[in-house]
Structures are given as C-alpha cells and as structure tokens.
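Novice: Listed below are the residues making up each chain.
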Amino acid sequence: MSAVRLRARDLTVRFDERTVLDGVDFDLDAGALAVIEGPSGGGKSTFLRALATLEPLSRGEILLDGELERGLSPSSYRVRVAYVPQLPVMFPGTVADNLRAGPRLRGVELSDEAVGALLEKVALDRSFAPRTARDLSGGEKQRVAIGRALANEPRVLLFDEPTSALDPASSGEILELVRACVEGGAGVVVVTHARDQALALGGARYVCEGARLSRIEGS
Amino acid sequence: MSYIDIAPWRLLIVLALVLVTSLLVSRRAGLGLEQDLVLGVLRGALQLLAVGYLLVALFANDRPEWVLLMLSVMLGAAAWTSARRVESGPGARVLAPRTLLAILLGSAVALVPVFALVVQPTPWFEARYVVPISGMIVANAMNVVAQVNERLFATANAERAEIEQWLALGATPRQALARPVRNALRAALIPTINGLMTVGLVSLPGMMTGQIVSGTAPEHAIRYQIVILYQLVVVAAVSGATATWLARRTLFTKREQLRVLSGRRAPVPSGAARVSEGPRRPSDR
Chain A
1 MSAVRLRARD LTVRFDERTV LDGVDFDLDA GALAVIEGPS GGGKSTFLRA LATLEPLSRG
61 EILLDGELER GLSPSSYRVR VAYVPQLPVM FPGTVADNLR AGPRLRGVEL SDEAVGALLE
121 KVALDRSFAP RTARDLSGGE KQRVAIGRAL ANEPRVLLFD EPTSALDPAS SGEILELVRA
181 CVEGGAGVVV VTHARDQALA LGGARYVCEG ARLSRIEGS
Chain B
1 MSYIDIAPWR LLIVLALVLV TSLLVSRRAG LGLEQDLVLG VLRGALQLLA VGYLLVALFA
61 NDRPEWVLLM LSVMLGAAAW TSARRVESGP GARVLAPRTL LAILLGSAVA LVPVFALVVQ
121 PTPWFEARYV VPISGMIVAN AMNVVAQVNE RLFATANAER AEIEQWLALG ATPRQALARP
181 VRNALRAALI PTINGLMTVG LVSLPGMMTG QIVSGTAPEH AIRYQIVILY QLVVVAAVSG
241 ATATWLARRT LFTKREQLRV LSGRRAPVPS GAARVSEGPR RPSDR
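Keeping their order, the protein sequence lines are chains A and B.
2 is the number that my numbering gives to position 2 of the first sequence; each next residue is one higher, with no gaps.
180 is the number that my numbering gives to position 180 of the second sequence; each next residue is one higher, with no gaps.
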C-alpha cells in the first residue's frame with residue numbers, strides 16, 4: 001500500500017454567505033492521479049485552489065506527507081505542492097527567466113543545462129530558452145508554466161483545466177505531460193470539465209458538485 | 001520689512017476675474033464644470049478665511065495644546081482625504097487608520113529633526129513656524145500615500161493572476177508584490193524629485209514667494225525653501241514606503257493568500273479571500 005501524499009480533511013470554503021466547498025475529504029497517494037470533474041460553479045476549481053492554499057479555509061486541514069500544512073510556512077508548502085492555473089501567466093522576461101523563477105525565489109540559480117533539461121521535459125526545444133515568454137502560443141505557454149512548476153521539484157502537482165484554452169493537438173500533448181508527471185512519482189490532481197478528457201487520463205475519478213466531492217464508482 | 005497690503009474689497013476683483021474666465025471657458029468648451037468652479041472658488045476662499053482667523057487666534061495664544069490640536073486636525077483631514085481618494089482598495093474606513101500611520105510616520109521623520117536642529121523655533125511649538133511648515137509636509141505625504149495606495153490596490157486587482165502565480169511558486173507576499181511596489185513608489189516619488197530638478201527654473205515655490213513678497217531677503221528665503229524641498233523628499237520616501245508596507249499587510253492574509261478587496265467576488269476560478277467593511281457608501285468614493 002502506498003503512502004498518502006496529500007490528505008484533506010473537512011475542507012470548507014465560504015465566500016461571504018455562500019458555501020463553495022463543504023466538508024470535503026480527499027486522499028492522494030504518491031504517484032497517483034486524481035481527476036476532478038463537475039459542472040461550472042460546482043466548486044472544483046475552488047477545491048484545487050484550496051489544496052494550493054491560495055484560498056483561505058473556513059474549516060478543515062491539509063496534510064502533506066503526514067505533516068500539517070498549517071505547521072509549515074506557506075512558501076515551503078507551495079514549493080512542494082505546485083499549482084498550474086487554467087490560463088498560465090508568463091512573467092516578464094524570457095522562457096529561461098520563467099523556468100528559473102521558482103528556485104530563484106530561494107536564492108538558487110538554475111544552470112543553463114538545468115533549464116535545457118526542463119524544456120526537454122515539457123517537450124519544448126532548448127532553443128526556446130531565450131525567447132520572450134509572453135510572445136509564445138497558448139500551448140507553449142502552458143508547457144512553460146508546467147516546466148516552471150516542475151523546476152521546484154514538487155511532490156504534488158495541481159492542474160486546473162490544463163487544456164481548456166488549447167486546440168486538440170496541443171491538448172493531447174499537455175495530457176501526455178500530465179501523465180509523465182504521474183510516472184515521475186508526483187501525486188497529480190487534474191480538474192477538468194471535459195468527460196472524455198477525464199476518461200482518457202485514467203486514474204481515480206471524482207465529481208465535484210454542489211460544494212461536495214464524491215468518488216465515481218469503479219474509477 | 002514692508003509689503004503691499006491687499007484690501008479685502010480688492011479680493012472681489014480677483015474673484016470676478018476667476019469666475020468670468022473659468023466660467024467662460026467651461027461654457028464655451030461644454031465642460032459642464034460651472035457648478036464645481038463656483039463651489040470651488042467660494043469654498044477655497046472660505047476655508048482660507050477660516051484658517052486665517054484661526055491662525056490669528058493661534059498666534060495670539062501660543063500654547064502647545066492648541067498647536068498640537070491644529071496639527072492633529074491637519075493629520076486627520078489628510079489621512080481621511082488620502083484614504084477616500086483610493087478607489088480600488090478596501091474602502092476609506094478600512095484604509096484611513098493606515099493612511100494616518102503612513103502620513104504621521106513620514107511627517108514625524110521629516111519635521112522633528114528639522115524643528116529640533118535646523119529651524120529651532122522658541123518655544124518649540126511656535127505656531128508661526130510649526131503650523132505652515134507642517135502643513136506643507138503633511139500635504140505632500142497625503143498625496144504620496146494616496147498615489148501609492150491607489151496604484152498598489154489597482155495593480156493587485158488587475159494583476160491578480162500573476163501575483164497568485166508567484167505565490168503558488170513559493171514567493172512570499174513581499175516577493176510576489178515586488179514589482180508593483182517598486183512601480184508604485186517610483187511613480188509617487190517622481191513628482192517630488194521633478195520638483196527638485198525644476199525649482200527656480202520654472203517657478204519660485206510658494207513659501208519662498210510668500211517670504212519675498214512679505215519683505216524677507218531672497219538669500220534668507222531660499223534657505224527656508226531648501227529645507228522644505230528636502231523635507232518634501234524625506235516625507236515622500238518615508239510615508240510612501242510605510243504605505244506600501246501597510247498595503248501589503250492589507251492585501252494578504254496571515255497565510256499569505258491574496259485578498260479580494262474591491263467589489264463583488266470574481267467567478268469561482270479566480271476567487272479568493274476578501275476584506276469587507278460592508279456596503280460602500282457613495283461618499284466613500
């Protein structure tokens with residue numbers, strides 16, 4: 001039996017009077033993939049943001065490898081639990097600057113070789129390194145955003161609708177990347193509204209609806 | 001020392017001049033500013049008249065408690081005005097204590113050493129020196145703090161996705177907000193620095209002009225003006241930096257989450273924490 005990497009207990013998020021997430025429990029093993037489906041406004045993106053600690057909890061707790069998230073500094077938790085938003089934001093500067101951003105926050109400068117290796121990991125040519133990040137196409141930006149998250153060597157990766165803004169060809173390539181992350185040993189959570197994509201990804205399937213999360217039988 | 005006294009009735013000449021010219025321009029150009037102009041012209045004169053008589057009374061009874069009361073009113077008015085000018089932030093009532101602290105700190109750093117070591121009024125609370133010099137410094141702090149807050153809160157709103165992406169990579173709030181803070185402080189300091197560059201070339205500053213008109217030798221008047229100019233830079237820097245520090249504390253939760261400060265919560269994907277002071281009154285805008 002594999003160890004629980006990320007555990008959420010009784011996660012509850014309220015926006016003013018509205019309960020967006022209501023007492024959600026969730027376990028994710030190391031090297032496991034969880035796919036969250038559900039209608040718009042059902043709370044799936046909020047769930048992912050809550051796991052990324054970008055959303056304040058009204059109630060509940062998160063444990064990373066058995067350690068309470070509240071006991072860690074927000075920065076050190078987020079380095080270990082990466083979040084890739086629906087629409088990736090490129091920071092000013094080159095692709096290499098973007099890939100170096102995370103480690104640089106902690107005073108670590110990635111070598112050119114490490115940047116090249118990250119580019120290869122996200123299936124981009126090494127010649128992308130000096131290009132202006134904001135000039136890239138949507139699919140390329142998404143890859144750089146994934147590479148930027150991988151630069152921190154996270155234990156968990158959270159993807160919010162990673163292919164929603166992409167054409168089918170790019171979508172397929174991004175899903176390959178997601179699978180590669182799982183094979184690399186990270187725990188991965190993907191939020192998607194597309195049923196076919198959820199099925200194609202495999203892994204445990206959940207549905208997030210009416211502020212609750214439930215596992216789909218047989219997945 | 002002598003100067004030409006302006007008889008009160010002669011003020012009517014200037015009043016007529018300002019009304020005729022500005023109303024003419026407003027009406028001809030269809031600006032629709034007539035009501036504001038009339039109100040502004042009258043209100044400005046009344047406020048100055050009131051403060052003039054207040055100063056007469058203050059000079060006649062030079063007592064520390066009155067001077068301190070006057071300074072407190074100035075600080076309070078500056079803090080409230082500064083907080084109200086910020087449209088993208090958490091609202092004037094939440095912001096006002098913070099603008100007060102920023103203005104107070106900057107003004108104290110700019111004023112106390114100068115009164116203690118440079119101008120040295122005797123007694124220390126001599127209203128003739130303390131009130132007008134403090135007024136200029138507090139006014140600059142008010143503008144700088146309003147500008148820093150407006151820019152920072154607006155940027156945090158507009159660039160929310162980028163700031164959150166920095167947080168998600170493990171940035172502290174200080175790191176995540178580094179670029180907006182730099183830009184806001186720079187923009188707030190530029191007018192004061194430009195003032196240093198152009199002083200004397202384009203215009204003579206108000207205080208120096210006033211002193212020269214009232215008979216002070218220009219070589220004495222410039223010394224005061226140099227002191228004031230430097231104080232303006234000090235207050236802009238200290239109040240501006242304090243305002244950015246306080247804005248950062250307002251923008252993030254203890255667990256380093258970016259709050260939603262203004263208006264309705266965005267659709268769920270980009271939602272986050274918020275600071276609320278209840279419904280905002282139109283007068284807070």
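Derived by calculation from the structure, the hints in this document are not laboratory data.
Even for Gly, the Cβ is constructed at its ideal location relative to N, Cα and C.
The reader is advised that the hints may include incorrect statements.
[To be verified] Okay, the calculated beta carbon distance ranges per label pair:
hint : chain 1 : residue 1 : chain 2 : residue 2 : range
1    : A       : Asp-167   : B       : Arg-182   : 35 to 41 Å
2    : B       : Arg-186   : A       : Ala-194   : 40 to 46 Å
3    : B       : Asn-61    : A       : Asp-16    : 36 to 42 Å
4    : A       : Ser-137   : B       : Ala-108   : 33 to 39 Å
[Stated by the list, open to error] If the Cβ cut is set under 7 Å, some of the chain A residues that face chain B in the computed set are:
hint : residue
5    : Leu-54
6    : Pro-56
7    : Arg-59
8    : Gly-60
9    : Leu-63
10   : Gly-71
11   : Ser-75
12   : Tyr-83
13   : Val-89
14   : Gly-102
15   : Leu-105
16   : Gly-107
[What the hints assert, rightly or not] Reference listing, derived: stretches of chain B covered by chain A, where coverage requires no fewer than 3 residues with Cβ under 8 Å from a Cβ of chain A:
hint : segment
17   : 162 to 168
18   : 245 to 258
Novice: All hints are to be evaluated individually against the structure, with a verdict given for each.
Specialist: Each hint tested on the structure:
For the pair A:Asp-167 and B:Arg-182, the beta carbons lie near 38 Å from each other, so the given range of 35 to 41 Å is met. Restraint check, B:Arg-186 to A:Ala-194: a C-beta distance of roughly 45 Å satisfies the suggested window 40 to 46 Å. Between B:Asn-61 and A:Asp-16 the C-beta distance comes to about 53 Å, which lies outside the given range of 36 to 42 Å. For A:Ser-137 and B:Ala-108, the hinted distance range of 33 to 39 Å is not satisfied, since their beta carbons lie about 54 Å from each other.
Checking A:Leu-54 against chain B: minimum C-beta separation of about 6 Å stays under 7 Å; hint holds. Hint on A:Pro-56 holds. Least Cβ distance to chain B is approximately 4 Å, under the 7 Å limit. Because the beta carbon of A:Arg-59 sits about 14 Å from the nearest beta carbon in chain B, more than 7 Å, this interface hint is broken. Taken as an interface hint, A:Gly-60 does not check out: its beta carbon lies about 13 Å from the nearest beta carbon of chain B, beyond 7 Å.
Hint on A:Leu-63 is violated. Least Cβ distance to chain B is approximately 15 Å, over the 7 Å limit. For the restraint placing A:Gly-71 at the interface with chain B, the shortest Cβ-Cβ distance is roughly 12 Å, beyond the 7 Å limit, so the hint is violated. The closest approach between the C-beta of A:Ser-75 and any C-beta of chain B is roughly 5 Å, which is under the 7 Å cut-off, so the hint is satisfied. The beta carbon of A:Tyr-83 is positioned within 7 Å of a beta carbon in chain B (closest approach about 4 Å), and the interface hint is therefore held.
A hinted interface residue such as A:Val-89 counts as satisfied when its beta carbon comes closer than 7 Å to some beta carbon of chain B; here the least separation is about 5 Å, so the hint holds. Taken as an interface hint, A:Gly-102 checks out: its beta carbon lies about 4 Å from the nearest beta carbon of chain B, inside 7 Å. Checking A:Leu-105 against chain B by beta carbon gives a least distance of about 5 Å; that is within 7 Å, so the hint holds. Annotation: interface hint on A:Gly-107 violated; nearest CB of chain B at approximately 11 Å, more than 7 Å.
With 6 residues having a beta carbon nearer than 8 Å to a beta carbon of chain A, the segment 162 to 168 of chain B meets the requirement of three or more and the stated coverage holds. Note: the segment 245 to 258 of chain B has 5 residues with beta-carbon separation from chain A under 8 Å; the three-residue rule is met and the coverage holds.
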